[in-house]
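S.K.: Sequence:
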Amino acid sequence: MLEHGKRARLKSGAVRSVDGLPDATRRTFLRTVAVQAVALPAASVLAAHGGSLAAATLGPGTAPSVPGSGDGTVRPIVREFADPWLELVRLLREAAEVEHALMVQYLYAAFSLKPAYAAIAGYGAPNADDLLGVAVQEMQHLGAVNRFLVAIGSCPHLERQDFPYEPAIYPFAFHLEPLSRHSLAKYVYTEAPPDALDRTGAGPEDARFIDEVFAALGTERRPNHVGSLYEQIIALVGELRQSGSAPKHVDFDGWAAAFEAIKDEGEIDHYLFFRRLFTGRHEGLAAAMGGAGNAWDLPRSDPRYPAFDIAIDPTAFIGHPGQIMDGTALRIAWLGNLEYWTVLCLLDDHYREGGDWAVERARAHMVGAMLPIARTLGARGTALPFDALSMGYAPGTDGALSRLAILRLVREAQAVARSLGPDLPGDFPWDVHADTIAAIEGDVVLAGFGTRR
Numbered sequence: 011m012l013e014h015g016k017r018a019r020l021k022s023g024a025v026r027s028v029d030g031l032p033d034a035t036r037r038t039f040l041r042t043v044a045v046q047a048v049a050l051p052a053a054s055v056l057a058a059h060g061g062s063l064a065a066a067t068l069g070p071g072t073a074p075s076v077p078g079s080g081d082g083t084v085r086p087i088v089r090e091f092a093d094p095w096l097e098l099v100r101l102l103r104e105a106a107e108v109e110h111a112l113m114v115q116y117l118y119a120a121f122s123l124k125p126a127y128a129a130i131a132g133y134g135a136p137n138a139d140d141l142l143g144v145a146v147q148e149m150q151h152l153g154a155v156n157r158f159l160v161a162i163g164s165c166p167h168l169e170r171q172d173f174p175y176e177p178a179i180y181p182f183a184f185h186l187e188p189l190s191r192h193s194l195a196k197y198v199y200t201e202a203p204p205d206a207l208d209r210t211g212a213g214p215e216d217a218r219f220i221d222e223v224f225a226a227l228g229t230e231r232r233p234n235h236v237g238s239l240y241e242q243i244i245a246l247v248g249e250l251r252q253s254g255s256a257p258k259h260v261d262f263d264g265w266a267a268a269f270e271a272i273k274d275e276g277e278i279d280h281y282l283f284f285r286r287l288f289t290g291r292h293e294g295l296a297a298a299m300g301g302a303g304n305a306w307d308l309p310r311s312d313p314r315y316p317a318f319d320i321a322i323d324p325t326a327f328i329g330h331p332g333q334i335m336d337g338t339a340l341r342i343a344w345l346g347n348l349e350y351w352t353v354l355c356l357l358d359d360h361y362r363e364g365g366d367w368a369v370e371r372a373r374a375h376m377v378g379a380m381l382p383i384a385r386t387l388g389a390r391g392t393a394l395p396f397d398a399l400s401m402g403y404a405p406g407t408d409g410a411l412s413r414l415a416i417l418r419l420v421r422e423a424q425a426v427a428r429s430l431g432p433d434l435p436g437d438f439p440w441d442v443h444a445d446t447i448a449a450i451e452g453d454v455v456l457a458g459f460g461t462r463r
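Numbering (the working numbering), first residue to last: 11 to 463.
What the hints contain is simulated information worked out from the structure, not anything from laboratory work.
Just so you know, these numbers come straight off a predicted model, no measurement behind them.
C-beta: ideal position from N, C-alpha, C; glycine also.
Distance windows between CB atoms, simulated: (1) E90 <-> P331: 29 to 35 Å; (2) L308 <-> E363: 47 to 53 Å; (3) G431 <-> E169: 30 to 36 Å; (4) S255 <-> A444: 44 to 50 Å; (5) E90 <-> D441: 46 to 52 Å; (6) A302 <-> P331: 37 to 43 Å; (7) Q150 <-> A389: 24 to 30 Å.
Let the hints inform the model, and build the full structure from the sequences given.
M.R.: Structure follows, in structure tokens:
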């Protein structure tokens with residue numbers, strides 16, 4: 011098992027099937043779960059398939075069964091396009107949605123924690139020891155996927171699935187929920203390498219852990235493993251490189267290595283982090299409990315229970331199910347949405363246009379504005395809803411018009427922030443909007459568009 015330093019892998023391209031879906035169901039892996047939510051070297055993957063994945067993945071072929079994972083069935087990802095560029099773009103866009111959704115779920119879980127568990131929530135530096143750190147790493151994965159999409163001639167993709175879902179497509183519903191044993195079981199399974207939850211040959215401690223994970227999941231459908239998607243992406247990177255139609259300027263070996271690192275970061279670092287949390291062995295849990303047992307065994311009513319009892323799947327959209335009902339909290343949550351959307355629009359501009367200004371401004375809105383908003387919402391018994399923006403994150407017909415849309419969005423956020431005044435936390439950065447407006451205005455004016463509403 012991974013906790014003891016051993017790593018076994020499934021056959022390349024194989025993923026666990028999801029209960030109740032027919033063998034030929036398309037996208038059984040790709041749009042899952044808790045992942046609405048990053049290996050083997052590309053050369054070795056290609057060698058295992060005779061240099062091409064086309065024959066191995068076209069159609070609903072079945073790989074050998076691997077026991078110990080609940081249903082125990084392993085199937086290859088169903089390939090939709092014979093052209094490797096089309097298939098790679100499709101899977102990269104799926105990976106972007108997976109990473110985005112994982113990021114916001116981990117952020118939501120971090121903001122649900124009580125002050126005594128601040129060491130588990132973290133402070134925003136990328137690492138695999140706290141929730142905010144893991145969320146930042148998921149954002150880095152999202153960035154890598156989008157940069158590669160642009161490198162091979164596609165557009166960046168910052169959308170994610172929103173709830174509710176069609177059950178035939180999304181077998182394990184994505185939820186924003188406070189941290190709990192149940193949500194941790196989903197995150198353990200999502201990040202796990204395929205062998206980590208295989209009971210076959212497991213020792214007593216590992217077998218008990220596997221049983222507890224599946225008991226916590228209960229009858230809810232289980233996610234597939236994120237690493238399997240990246241394994242297929244790595245193989246397709248190699249296939250595209252050998253196809254004769256690959257962009258000449260792309261460092262395919264470098265990108266394959268980058269995706270391998272993302273896969274390993276999830277299957278080793280993130281998996282072990284969530285395993286420690288689930289079993290109560292994380293240092294932050296143990297310190298808060300004074301070594302007196304697993305905090306997840308406490309009733310939710312116990313003051314020592316790690317998470318506040320906040321809503322699942324809240325929204326700041328008025329009249330929608332799950333609407334935040336407290337008036338002030340609703341307006342703060344709406345401001346949080348505006349900051350979140352600003353971050354995504356700025357990142358889209360950065361991936362398309364290059365340069366550092368947009369990503370620097372995105373970081374200022376995320377770390378400077380979103381984090382204080384999320385913390386003050388937690389103190390009010392609710393949380394940042396991370397609502398999806400229906401118009402997308404590049405709403406203009408070109409870069410200049412999309413930046414004009416960002417300008418309008420930031421001005422809207424500035425007006426909402428000013429109206430809230432003292433209801434915002436003391437560490438809210440009041441200059442963040444003015445700085446972003448100044449960074450965009452000159453470019454928009456040069457492009458021939460007015461900037462005043």
